[in-house]
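Engineer: For reference, the chains in residue letters:
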Amino acid sequence: MDVLYFAWVRERIGLPKERVETDASCVMDLIDELRAREDRYALAFSDLSALRVAVDQELADFDAPLNGAREVAFFPPMTGG
Amino acid sequence: MDVLYFAWVRERIGLPKERVETDASCVMDLIDELRAREDRYALAFSDLSALRVAVDQELADFDAPLNGAREVAFFPPMTGG
Amino acid sequence: MRILVQQEAFDAGAELNRFSAPLQGMGAVVSFTGVVRDTAQQDLQVMEIEHYPGMTEKALQSIAEEARSRWSLGDVLVIHRHGKLGPNDPIMMVATAAPHRKDAFEAADFLMDYLKSRAPFWKKEHTGDATEWVASKQEDEDALTRW
Amino acid sequence: MRILVQQEAFDAGAELNRFSAPLQGMGAVVSFTGVVRDTAQQDLQVMEIEHYPGMTEKALQSIAEEARSRWSLGDVLVIHRHGKLGPNDPIMMVATAAPHRKDAFEAADFLMDYLKSRAPFWKKEHTGDATEWVASKQEDEDALTRW
Numbered sequence: 001m002d003v004l005y006f007a008w009v010r011e012r013i014g015l016p017k018e019r020v021e022t023d024a025s026c027v028m029d030l031i032d033e034l035r036a037r038e039d040r041y042a043l044a045f046s047d048l049s050a051l052r053v054a055v056d057q058e059l060a061d062f063d064a065p066l067n068g069a070r071e072v073a074f075f076p077p078m079t080g081g
Numbered sequence: 001m002d003v004l005y006f007a008w009v010r011e012r013i014g015l016p017k018e019r020v021e022t023d024a025s026c027v028m029d030l031i032d033e034l035r036a037r038e039d040r041y042a043l044a045f046s047d048l049s050a051l052r053v054a055v056d057q058e059l060a061d062f063d064a065p066l067n068g069a070r071e072v073a074f075f076p077p078m079t080g081g
Numbered sequence: 001m002r003i004l005v006q007q008e009a010f011d012a013g014a015e016l017n018r019f020s021a022p023l024q025g026m027g028a029v030v031s032f033t034g035v036v037r038d039t040a041q042q043d044l045q046v047m048e049i050e051h052y053p054g055m056t057e058k059a060l061q062s063i064a065e066e067a068r069s070r071w072s073l074g075d076v077l078v079i080h081r082h083g084k085l086g087p088n089d090p091i092m093m094v095a096t097a098a099p100h101r102k103d104a105f106e107a108a109d110f111l112m113d114y115l116k117s118r119a120p121f122w123k124k125e126h127t128g129d130a131t132e133w134v135a136s137k138q139e140d141e142d143a144l145t146r147w
Numbered sequence: 001m002r003i004l005v006q007q008e009a010f011d012a013g014a015e016l017n018r019f020s021a022p023l024q025g026m027g028a029v030v031s032f033t034g035v036v037r038d039t040a041q042q043d044l045q046v047m048e049i050e051h052y053p054g055m056t057e058k059a060l061q062s063i064a065e066e067a068r069s070r071w072s073l074g075d076v077l078v079i080h081r082h083g084k085l086g087p088n089d090p091i092m093m094v095a096t097a098a099p100h101r102k103d104a105f106e107a108a109d110f111l112m113d114y115l116k117s118r119a120p121f122w123k124k125e126h127t128g129d130a131t132e133w134v135a136s137k138q139e140d141e142d143a144l145t146r147w
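Residue numbers (our numbering), protein chains in the order written: chain A, 1 to 81; chain B, 1 to 81; chain C, 1 to 147; chain D, 1 to 147.
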């Protein structure tokens, strides 16, 4: 699936988008896999209360299932308007 | 003093403005004097709940004093906006 | 602060831009435009607006000053027409500018509530074969208790 | 319903007029324009707005549809910019048209609350010697509970 990062999550991880091969069944499992990769991921995902997630471009919870998901995005709380 | 009428009060009394010589000490006394004049006044002032009054261009109550007032206006509730 | 009572039409978009252009540090600009609505019977021809020259300007000024004292505002605009208007003609507009959106929204809402019931304007509808003074609404009077 | 996500500047007054021109029977038009505010230190040079192409349009569409389902509205306009903006540049605007003023006001207020916290935009301030992501405010999140 495609994993996207925005705002400081993007800066901390160092890229806006990557292809991830995963069997993670929910968002939290995917986060755990990413955290295990490298320090920059562990750092970006250290405080989940400061993160939001979208699955296939819809806001979702961390326990949202990923079966069939094509795109997951991580970002800080939004500051539009 | 000048007495002004607006909207249907003006139409019912038949004029927008008149000079009134009066010793009325409050708005209510003035209304009683006007009512005593002619039927069209009695009709216009028959239901005070449908009327509003301004003394010297400020909204006032029916018991507002008139000492020194130069201009009194009677009209229905406002419908601006 | 700009308060206009006029018979002529106004251009709401141009007025919004004129209002906004000189603002500094105002994060929020709210505008409200009131438009002549056709009657239920769809036969409104003219909406005639009578007002009380002299008192009108003072009442609008006082309502606008009250808004400025209640909210943190950078500027306030009030325009209200009188005379004969047609369906879908703009009757009036208010605009508010504030550092924060809540102030701008609340102040514009407040201005409208007070303009409806405390500024000396009266509307008369000319329909197919009759004229009728628009009755004030209890809900408009009740709206004032919000503030 | 018009939803625009764009890098280019927009003319709020022209957009308000374009929005209002075709309306029929709408007595109330409310607009909100959000403007880049300088920081407390008065040294903001650039406000950079990042967004999530694809999701942004869907989120705005969904928020606007929610407003139309909750209030009696004739039309809704949402414009939101992204990219690099300067102090006092308009960032975004919403406009609502309704037969009655209460609907137009509430819907515009609702749109703004949801745009702030549920549309995927992120602001980054470039000041004299630093850049910083704007933190979300608890009060913006709390505002959603009003609806």
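Some hints here could point you the wrong way.
Sample of chain D residues facing chain A (criterion: CB under 7 Å; computed from the structure) [unchecked claim]:
id, residue
1, F10
2, W71
3, M112
4, L115
5, K116
6, W147
For lysine-lysine, the following DSSO-like pairs were computed, each having C-alpha atoms within a straight-line distance of at most 30 Å [to be verified]:
id, chain 1, residue 1, chain 2, residue 2
7, A, K17, D, K124
8, C, K58, C, K102
9, A, K17, D, K84
10, D, K58, D, K124
11, C, K102, D, K84
12, D, K137, D, K84
13, A, K17, D, K102
14, D, K58, D, K137
15, C, K58, C, K137
16, D, K137, D, K102
17, D, K102, C, K102
18, D, K137, D, K124
19, A, K17, D, K137
20, C, K84, B, K17
21, D, K102, C, K58
22, B, K17, C, K137
23, C, K124, C, K84
24, D, K102, C, K137
25, D, K58, D, K84
The hints are simulated quantities; they were obtained by calculation from the structure and are not laboratory data.
The beta-carbon is built from N, C-alpha and C at its ideal position, and this holds for glycine as well.
Engineer: For each hint, tell me whether it holds in the structure or not.
Structural biologist: Cross-check of the supplied hints:
no. : hint              : result
1   : F10               : violated (15 Å)
2   : W71               : violated (19 Å)
3   : M112              : holds (6 Å)
4   : L115              : holds (5 Å)
5   : K116              : holds (4 Å)
6   : W147              : violated (15 Å)
7   : A:K17 <-> D:K124  : holds (19 Å)
8   : C:K58 <-> C:K102  : holds (27 Å)
9   : A:K17 <-> D:K84   : holds (21 Å)
10  : D:K58 <-> D:K124  : holds (23 Å)
11  : C:K102 <-> D:K84  : holds (25 Å)
12  : D:K137 <-> D:K84  : holds (22 Å)
13  : A:K17 <-> D:K102  : violated (44 Å)
14  : D:K58 <-> D:K137  : holds (23 Å)
15  : C:K58 <-> C:K137  : holds (23 Å)
16  : D:K137 <-> D:K102 : holds (27 Å)
17  : D:K102 <-> C:K102 : holds (16 Å)
18  : D:K137 <-> D:K124 : holds (14 Å)
19  : A:K17 <-> D:K137  : holds (27 Å)
20  : C:K84 <-> B:K17   : holds (21 Å)
21  : D:K102 <-> C:K58  : holds (26 Å)
22  : B:K17 <-> C:K137  : holds (27 Å)
23  : C:K124 <-> C:K84  : holds (9 Å)
24  : D:K102 <-> C:K137 : holds (14 Å)
25  : D:K58 <-> D:K84   : holds (22 Å)
Hint violations for this structure: numbers 1, 2, 6 and 13, all remaining hints satisfied.
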